[in-house]
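As given, the protein sequences belong to chains A and B, one line each in that order.
Each residue of the first sequence is one higher than the one before, starting from 1 at the first, in our numbering.
Each residue of the second sequence is one higher than the one before, starting from 1 at the first, in our numbering.
Because the hints were derived from the structure by calculation, they are not lab data.
A portion of the hints provided could be inaccurate.
To give a feel for the contact side, a few chain B residues facing chain A, derived at Cβ under 8 Å [unchecked claim]:
#1 SER22
#2 VAL25
#3 ASP27
#4 PRO42
#5 PRO43
#6 GLY99
#7 THR203
#8 PRO355
#9 THR357
#10 ILE361
#11 ILE407
#12 ARG412
Ideal Cβ placement from N, Cα and C applies to all residues, glycine included.
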Amino acid sequence: VAGSLLHSPGPPVRRIWALLVSLAAGALLAIATPRGAHAQAGNSVRLEVRLTPDSAPRGARAPVVRSDNLLGDGRWLSTLRSGLPVRLHYRVEVWRSRNGWLDQLTRQVYWDVVVRHEPLLDEYTMLTIFGSRVQERRYATLDALTAALAFAYQINISPTEAGGYYYSATLEVSTLSDSDLDELERFLEGDLERARGREGIGDALGRGATRFLLRLAGLPSLRLEARTRRFAVR
Amino acid sequence: VRPLVGLLLLLALPPALRAQDSVIVIDPDAPAADSLERVGPPPEVVAELIEFYNDSTTTRVQGDVTFPTGSRFAGRLALHRGNLRIAGRVEGPIAVANGTLHLLAGADVRGDILVIGGRLIRAAGARHEGRQRVFWDAAPVALTDEGLLEIRERRRPIGDLAAARTSFQTGKVRTTLLLSTGGTYNRIEGLPILFGPTFDLRTGRRSAFKLDLRGILRTAGSNTRLADFGYQARGEFRFGRFGVAGEVYSELTPIEDHPLSPGEVGWSAFLLQRDYRDYFDRRGYGGLAWVQVTRPLRLELSRRRDDERTVRATDPWSLFRNSDRWRSNPPIDDGHYVTTGVRLDLDTRNERYLPSTGWLIQARFEHSSSGDVAPVLLPRLVRPAVPLGQRYAYDRIFFDVRRYSRITPSLRVNGRLRADGWVGGDRLPVQRRVSLGGPDLMPGYDFRAFTCAPSGFTDPALSALCDRVVSAQIEVRSRVGLNLGYRTRGRENQSRRFIGIEEADLVFFADAGKGWLAGDGPGQVPANRIPSFSEWKVDVGIGLDAGEIGAYIAKGVSEDESVKFLVRLRRRF
C-alpha cells in the first residue's frame, strides 16, 4: 500500500507519480472552508448547545445539548432500515477563553447513542453508553424513536475557577458494522485486554475494508459542531 | 483532561417519568458503576395492557385505523401495531400496544388511555376525560396465532448480534463460535483462517472464567516447517480487577510491529505482493497475571517458554505483480527461549480509532534466555559471535508514548515518542532486532532505510539489524470539507447521498528517528548514550486523512531523499 509505486523508478511510474501528486495538490487546493464553518449548513440534522439559566451565585452555567431531526434526514432512516447501526457520538468540551492567547481546553465529557433496527421485531434498539454504564431501550414506532433521539442532555461540568468560558459540542453521526459496534462497547466498557489488539484476530482486515467500503459506498457520516456564547464565572 | 469514568444518569425520577422526560442530566463526577440497564415499561402495566387487549369484551384492531369526524364508538378499544387516529367520539377506555394514538381536532374520548410503545399525539381541540398513561418504550409483547397478546422473550443485546459468530447459552456457560480471517495476508501463510469456540463462565458476581480455543488454517506454506494448521488456546480467570491466564500456541509472529498495521500489510501483500513485515514460527506456552489498577491503567507480569524457528517465504497469490518474487523472510536465531516480561498499559484516549484527546502509553521490559540458541552468523560489527553451548540472555525494553490534544475546537496536535531495543546482557537475537524507515515511523524514507547493516553486507531480506531505535512524531490536524465525489438525490428529492469522501483531516507532520548499533566500534553509539538530536533523521510531510483512508506526501530532509507518496488505511498513530 505504502509508497510501492515509488520503489521502482521508471517512466510509467513517474507518470503515475506525477498524476497522484497533481491529484493530491488539487485536493489540497480544493479545500476552501474549514469543516466546522459549514457543519450545520446543508444538513437537516441540527445540533444545539445552550446554557442553563444564570442562577448559580458565581455565574457558573451548565451546557444543555440536543440534536434534532436526525430521522428527518432520510439518509439515517434508510441506513437503519438497511440493517446498519447508527452511532451518535456526543462530546462536550469546556473551553476557557484567554484573550491574546489560544483558548484552553479544561475538560470534556463524551457519550454515545447507538441505534439499530431489528427487522424481525420491527423495533429500534437504542443503546446509550455513559462510560461503563450502558442503558438499553427499545422503541416500536418511529415517532417514539424520533422523540427519544431528541432528548436533551444537561451535563453537570460547570467550571468553578473564575474566568471566561464557553462550551463546544460536537456530534458525530456514523454508520457502524457489527464488529465496530461490538468493539465500541468493549472499549467504552474498559476492556483494554481486547481493545489493545487481541481482538485483532479476524477483525483487522475485514473491519478496515468494511469501513472503507461503507464510506466510499456513500453510506452517510456527519459531523456537527455548536458552541455556546461566552459566560463568566466570578 | 479527566478520563471518562462514572458518567451517570440521575435516576431520581420515577421510571414512568423517565421514559418521557426530555432532559437527561449527566453527572460526570458521580461514582463509576458498571452496569447494563434495560429500560422498559413497568411489568405490571404491561400485564395490564395484555389483560385489557385479551379481554373478550375488547374490540381489537391492528394497523392504521381512523375514526372519522362524526363517528361514535362505545366500549373497550385496543390497537396493536399501527396508528389509531380518532376524530370522532369514543366512550370507553383505549389501549395501544406498540403504536401511536392520535387525538385529532374534534376527538372526544371519555375513558382511560394507556399507550405502551408509542406516543400520544394530541391536536388542539381534542378532548379527553380520564386517566392518561403513555410509555414510549416498546411493549415486550407479541401476537399469538389466536390474535391475542403475550409476553415476548427479550432478545439478545444488540452487541451480541455479530455477523461472523454465533453465541448460545448452556446452563451457566455461554459459548461463542467464531469463524474469521486471521486479520492479515502474508507471504508465509497466505490467508490464515481462524475458527473455534469461546466458553464464558460467570463464576460469581465479580469473577469469570473464559476459555478461548482457536485453530488456524493456513492457505499457504505447506512445504515449509510451518504446518498447515496452527492453534492458540487461552484460559483466563478474572476476579474483579485481577486476572490470571495460561496459554499454549503455535503461531506465526511478526518480528517488528511496524511499518504498517496487520490489516494494511494484508492489503499490500494481497494487492501488490509487498509484505512489509518479517515473521518467525513460535510454539510454546506461558502464563500471565495482571491487575487493572484503574480503568485506563493495567499492569501485567508474564513468563513464557517459546520454541522459535525460522520460516521461509512461500509464494501465495497476489492480485498484481503475481509473477514477481516475494522478498525473502530472514533467518532467525533458532532456539528455545524463556522470557519474563513486565508490561504497563495506560489508555485515557476518548476513542480508539480516531482519538482527539488522551494518553496512550505502552511500556514493557523483558528478560529472555536460551540454552540452545543456534545463531545466525552476523557481521562482527553488528554482533559478536554468540558462543555455542553457553547460556545466552538479553534484556530488552520498549515504550510507546502517544499524546492526543485539542488546542482549539478545530485544531488538534498529536505527538508520539517510541523507543525499542537492547538494554543489557548479550546482544539481541535477529528476531528481536529493530529498524527504521517506512510509512509508520519515518514515511519520508524508504522501507527499512535504516537497518544498521554495515556497508558491503548484502541481504535480500533487508533484515532489521539495529540494537536500538528511537523515534518522535508530531502532527497537526484540522478538519476540512473535501467533497471529493458527488451527491445523489433520493426518490423524494431529500435523501442526499454523497458518493466519495466528504470531509477529511488536513495533516501536517514531522518525524525524526535514529536506529543504531550500541558499542564503541566505527559508526556505533556507546551503550550508555542516546544519539544527540543532530544525528537523527528527519522528515516532513502533508496529507489528507479521511479516517479509513489517508493520502500523504512525505520527504526526508536529512538526506537527499525523493518525495514519497503514501496511502494509509488507518491513522498514522
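For each hint, the structure was consulted:
no., hint, result
1, SER22, "holds (6 Å)"
2, VAL25, "holds (5 Å)"
3, ASP27, "holds (5 Å)"
4, PRO42, "violated (14 Å)"
5, PRO43, "violated (15 Å)"
6, GLY99, "holds (6 Å)"
7, THR203, "violated (18 Å)"
8, PRO355, "violated (11 Å)"
9, THR357, "holds (6 Å)"
10, ILE361, "violated (12 Å)"
11, ILE407, "holds (6 Å)"
12, ARG412, "violated (10 Å)"
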